[in-house]
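Visitor: Chains as they are written, first to last, in the numbering used here: chain A, 1366 to 1694; chain B, 1366 to 1694; chain C, 1366 to 1694; chain D, 1366 to 1694.
Honestly, the hints are just simulated from the structure, not real lab data. One or more of the hints may lead you astray.
[What the hints assert, rightly or not] Distance condition first, Cα-Cα at most 30 Å in a straight line; then the derived DSBU-like pairs of lysine-lysine: (1) B:Lys1525 x B:Lys1612; (2) D:Lys1559 x C:Lys1525; (3) A:Lys1590 x A:Lys1542; (4) C:Lys1590 x D:Lys1525; (5) A:Lys1525 x B:Lys1590; (6) A:Lys1590 x B:Lys1525; (7) C:Lys1590 x B:Lys1590; (8) A:Lys1559 x A:Lys1590; (9) D:Lys1525 x A:Lys1590; (10) A:Lys1605 x A:Lys1542; (11) B:Lys1542 x B:Lys1612.
[Stated by the list, open to error] Negatives, chain A to chain D, calculated, CB over 12 Å: (12) Ile1409; (13) Asp1428; (14) Gly1442; (15) Gly1452; (16) Met1459; (17) His1462; (18) His1476; (19) Ser1478; (20) Ser1482; (21) Arg1540; (22) Arg1588; (23) Phe1594; (24) Thr1629; (25) Trp1654; (26) His1664.
Just so it is clear, CB atoms sit at the ideal spot from N, CA and C, and this is done for glycine as well.
Below are the chains, spelled out letter by letter.
Number of protein chains: 4
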Amino acid sequence: MQDLMNQTRKLFAATHLAATLAGSPVFAAGEQVGESPWGPEDEIGTLNMMSDASRLEILQRIDAGRIYDLGVDLFVGMPDCCSAAFGDPTYQMMMLHAPARGDGSKELLSHSSEAISMNTHTGTHIDTLSHFGLHGKIWNNVSADEAQGARGWAKSGADKYPPIIARGVLIDVARAKGVDVLPASYTITVDDLKTALDAQGTSLQEGDVVLIRTGQMQHWPDRSKLALFSQSGLGLDAAKWLAEEQKAMVLGADNLGLESFPSTNPDNFAPVHSYLLAQKGVSFIELLWLEDLARDGVHEFAFITSPLKLRGATGSPIRPIAVPIRSSR
Amino acid sequence: MQDLMNQTRKLFAATHLAATLAGSPVFAAGEQVGESPWGPEDEIGTLNMMSDASRLEILQRIDAGRIYDLGVDLFVGMPDCCSAAFGDPTYQMMMLHAPARGDGSKELLSHSSEAISMNTHTGTHIDTLSHFGLHGKIWNNVSADEAQGARGWAKSGADKYPPIIARGVLIDVARAKGVDVLPASYTITVDDLKTALDAQGTSLQEGDVVLIRTGQMQHWPDRSKLALFSQSGLGLDAAKWLAEEQKAMVLGADNLGLESFPSTNPDNFAPVHSYLLAQKGVSFIELLWLEDLARDGVHEFAFITSPLKLRGATGSPIRPIAVPIRSSR
Amino acid sequence: MQDLMNQTRKLFAATHLAATLAGSPVFAAGEQVGESPWGPEDEIGTLNMMSDASRLEILQRIDAGRIYDLGVDLFVGMPDCCSAAFGDPTYQMMMLHAPARGDGSKELLSHSSEAISMNTHTGTHIDTLSHFGLHGKIWNNVSADEAQGARGWAKSGADKYPPIIARGVLIDVARAKGVDVLPASYTITVDDLKTALDAQGTSLQEGDVVLIRTGQMQHWPDRSKLALFSQSGLGLDAAKWLAEEQKAMVLGADNLGLESFPSTNPDNFAPVHSYLLAQKGVSFIELLWLEDLARDGVHEFAFITSPLKLRGATGSPIRPIAVPIRSSR
Amino acid sequence: MQDLMNQTRKLFAATHLAATLAGSPVFAAGEQVGESPWGPEDEIGTLNMMSDASRLEILQRIDAGRIYDLGVDLFVGMPDCCSAAFGDPTYQMMMLHAPARGDGSKELLSHSSEAISMNTHTGTHIDTLSHFGLHGKIWNNVSADEAQGARGWAKSGADKYPPIIARGVLIDVARAKGVDVLPASYTITVDDLKTALDAQGTSLQEGDVVLIRTGQMQHWPDRSKLALFSQSGLGLDAAKWLAEEQKAMVLGADNLGLESFPSTNPDNFAPVHSYLLAQKGVSFIELLWLEDLARDGVHEFAFITSPLKLRGATGSPIRPIAVPIRSSR
């Protein structure tokens, strides 16, 4: 871990971060970006599983007006994935206009506004399929040489993403394991997921938005306890089980980067990211607030969110909501 | 108009923009910020009209999975309210990480991400109650001296805003008047609203999200035709009728700044803004994409959006959706 | 001109600006990036002409403590080369800390600071050799594929630039032509330069910093009169004469982009830029304030400036000074 | 120290940073902002000591063309005063234009540029008199209520600062004390300065730019060893001796914040800052690179720098140079 952190620290003093983050060429031959079953023009992968019928089905099961807010506040000084890890900019908000000081009685109209600047992967956010690729290509064989300009990708940007309305399922791994928070760097396994689902009495369905709870948001917003490179999260096998066997549409977790870090693969510092985004076309959501759902034992819900259509962006801040539904059982 | 533009141009060369934007002290004595009927701690005004029951009522009327996307793309070079008018920063997106150039075969993992910077009043967005005040105070008697720091307001920021789920109503004024786009600077009257509602066969209810269509998004995204200071929009009387008689919860329009500009009140360049936000506690949404609803003649719908919880911000970019409902008639 | 502006407007709505700014492949075969006479490691081109001896020679000729300030103010709303032309971000300054409002007597320490954000080509600034290249390469055969990462170039960045101390010469073309300001898009010729030098009684020497006055700063800071694509400036022949026959070390001008615009070469919108930077290794300075030198008829001086060492940047804001010297005649 | 760091960490999660940074009201009655001896319009304090004569005197003593570069590189990931201490934004540089990827032969012109964003107190920089005040006022009785708008101060901004040309003196405290680097938080005393000057054989003169060497740049750019709140630096008594008895014009040091931290005054976390800037009108420079001067034993020199004229800013990045001079003894 210390080695990784030292290496990371050196990395962001370097001009060519991207180059040095890449692994060695010994990666298994089979690991190439995926070709979309939805055709050569597809840019959103498994989000194609949604339809008017699937949306209507879940919306009509809503049986309460109680809303669970799954998004976090964005504020100066907030924990983030990438400022400490990669030297990326922190979230900032600065005023543009403010009521002038002095004798207020002279001023009728008091105008305030502000600008924000942020990594798109800040706060609760969705990762789009352009966020990670393999060998210079992203999902559906789109190469950086052809589709990446100075300001972003022409393909699979957040602007291509539809609003998401689907059944959401919470898998409360922390609770199933009887802990408040999973241990640092703990890697969630297929068995962990199955055990938690059994304990909850929940079963997954094709097209679900599957949200994994590690309990780490108990530490929110303590920066000293929420660091990307020591977080617990999804393991590669568990991700494969969710994507391939359970046919989840979207994944999510209550941590900074979905998967557990550090990676045990010396050639790939984020193997779950590249597997889901580049090989399987599965988008996912990070830094979700799942504490209220967990407290109330709400494991099934209508999941609703609308990514901002940031043209060419590899991610978008979102504030998803969960609404309780009638059980399908 | 030319005078206004010249004046504006001078304004943003000045250090103390806010001060000079303020009007003279001759404003009518009655125009003070409002005190909230929801108590001294209230920061969200009419959004208090929502309840579990109100949300459930509208969600249960959903009868289609077809979704109307009411948000616009955000992109470098997009039209905005305030860069030309006030010298505010434009929307920008810049890359943080990108697959390195050169021999791609050496690089397993292709990592891309980017930062955005923007005025919070960019793209489709909601204005919070702190955006405009009167005499140095905002809604509910909160003064800048007490509640505005170097980075924003402690009160009525976007972080205090709940997700919004309510009945939405489109009032298609452009269609009712038989034009594609209302004339430049046209001021919508109470009669215009009544006539359009009649023509549509729609009636308003307490707690509605009322969206006004001027047709200006027919010009999207042509910057030369979408300028704040020449836009058509809501007049003050029409705003009063909606807020006080119809008891709308939230307003919205398909233009850069809700109301018509320029203002005819020399003391207040945005009288509808200050009336709604500071006096009545009514939040509103700007730069809505209403073209699809208008095309399909959908005038009643479930309106769903989640402002980002930008701490202390006077606005938040959003991407609302509309979902068709069974008629209440 | 109108066509160019329209084209430009369309350009910055596109994701791949850089690609579309490029010309057609019919450019003359001879126009390739230059190889440095100072060796394969050279990144600064003609700045290698400076030596301890050359600096001492000019410093010892200083004969007055009077200073000419050749830099402009940077402020919100200032004219710039590239926000209108390319959709680039404008200069912004926003507060980070400010004395709190309210009862000032409670606050001993009043701390203020701010952040700036800007295109590095804003205000008075130097263009480094990485700013323009040909066919994907910059000066000294450095290719983007090898040396350009997600955050900038590894070669010829402003961090490699030495402080500049050399003889400066003002060529007051506007005065020689008897006008306050050269006409829009006027292209300065070799004859214009010779005539002005004769009129002034000045002769050029190898290693000079040669500053060309068009008079356009008479309009400073009127944005409506200072637009990149209609500016007067250096022509390609004049640039060649200065670089090749007069062996100038650095060039400069009192306009937004050194050369006259629009270019008459359909394949290259900035042929003087690519000639000087990519083919000849000559850096240059834009948006210089030459009015005081011109007013006082000071045509020879010690020129002193220190580019900020912005790692990998293609430009740096500077504030050069000129100090009167004893004539060399 | 730990307490201070904890307190600091809490601080930047708060909305009203400025308010909480302020001390208690028990500060001695005498500590008020100073009134300028150069009159009620003065905004630059002791920089008024410069004159054409003073500049010429020092420039004419230059006897070598060898230049000492006193500025540091600015780069993503660089150490800074204030991102860790206050949650301020880090230095960032991001590309605006870059040669398009793909078939390079199709692209004649290769255009690159970038934007930077930074706290103005980043890298080698000068602090202006508006940076710290007392009781809501800055130097010369200018109050925030009257002169501070939403975007900065109308008084004492960097735009008011002249280029600085004066005798510079290096006081190498680290060398005089026989250490590479002064211990963490070491406070430099008057005796330390006198001893070092004696050891060097240097004497101070009215109007000098006095640069203090602690040796901390031996750690450059190791972020883990260059933290504001544990740095060695000038003590208040030493600052008073330099300002009042030696009549220094400008001070400087090779650390992030001039003075030693943490402050021993519970009411003022930066007492040397407020003393020099607010009470005495003495500007100073931080993060100077003094290693080359120290290595060569150059203790007297012509000091030359030009602050960028950032309108209303409390600081400006600079890259000063030192040029050897004939001794005055």
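Visitor: For each hint, tell me whether it holds in the structure or not.
Guide: Outcome of the hint check:
no.: 1; hint: B:Lys1525 x B:Lys1612; verdict: holds (21 Å)
no.: 2; hint: D:Lys1559 x C:Lys1525; verdict: violated (37 Å)
no.: 3; hint: A:Lys1590 x A:Lys1542; verdict: holds (20 Å)
no.: 4; hint: C:Lys1590 x D:Lys1525; verdict: holds (26 Å)
no.: 5; hint: A:Lys1525 x B:Lys1590; verdict: holds (26 Å)
no.: 6; hint: A:Lys1590 x B:Lys1525; verdict: holds (26 Å)
no.: 7; hint: C:Lys1590 x B:Lys1590; verdict: holds (22 Å)
no.: 8; hint: A:Lys1559 x A:Lys1590; verdict: holds (28 Å)
no.: 9; hint: D:Lys1525 x A:Lys1590; verdict: violated (45 Å)
no.: 10; hint: A:Lys1605 x A:Lys1542; verdict: holds (21 Å)
no.: 11; hint: B:Lys1542 x B:Lys1612; verdict: holds (24 Å)
no.: 12; hint: Ile1409; verdict: holds (23 Å)
no.: 13; hint: Asp1428; verdict: holds (38 Å)
no.: 14; hint: Gly1442; verdict: violated (4 Å)
no.: 15; hint: Gly1452; verdict: violated (4 Å)
no.: 16; hint: Met1459; verdict: violated (9 Å)
no.: 17; hint: His1462; verdict: violated (5 Å)
no.: 18; hint: His1476; verdict: violated (9 Å)
no.: 19; hint: Ser1478; verdict: violated (9 Å)
no.: 20; hint: Ser1482; verdict: violated (7 Å)
no.: 21; hint: Arg1540; verdict: holds (28 Å)
no.: 22; hint: Arg1588; verdict: violated (8 Å)
no.: 23; hint: Phe1594; verdict: holds (16 Å)
no.: 24; hint: Thr1629; verdict: holds (26 Å)
no.: 25; hint: Trp1654; verdict: holds (17 Å)
no.: 26; hint: His1664; verdict: holds (32 Å)
Of the hints listed earlier, those the structure fails to meet are numbers 2, 9, 14, 15, 16, 17, 18, 19, 20 and 22, in rising order.
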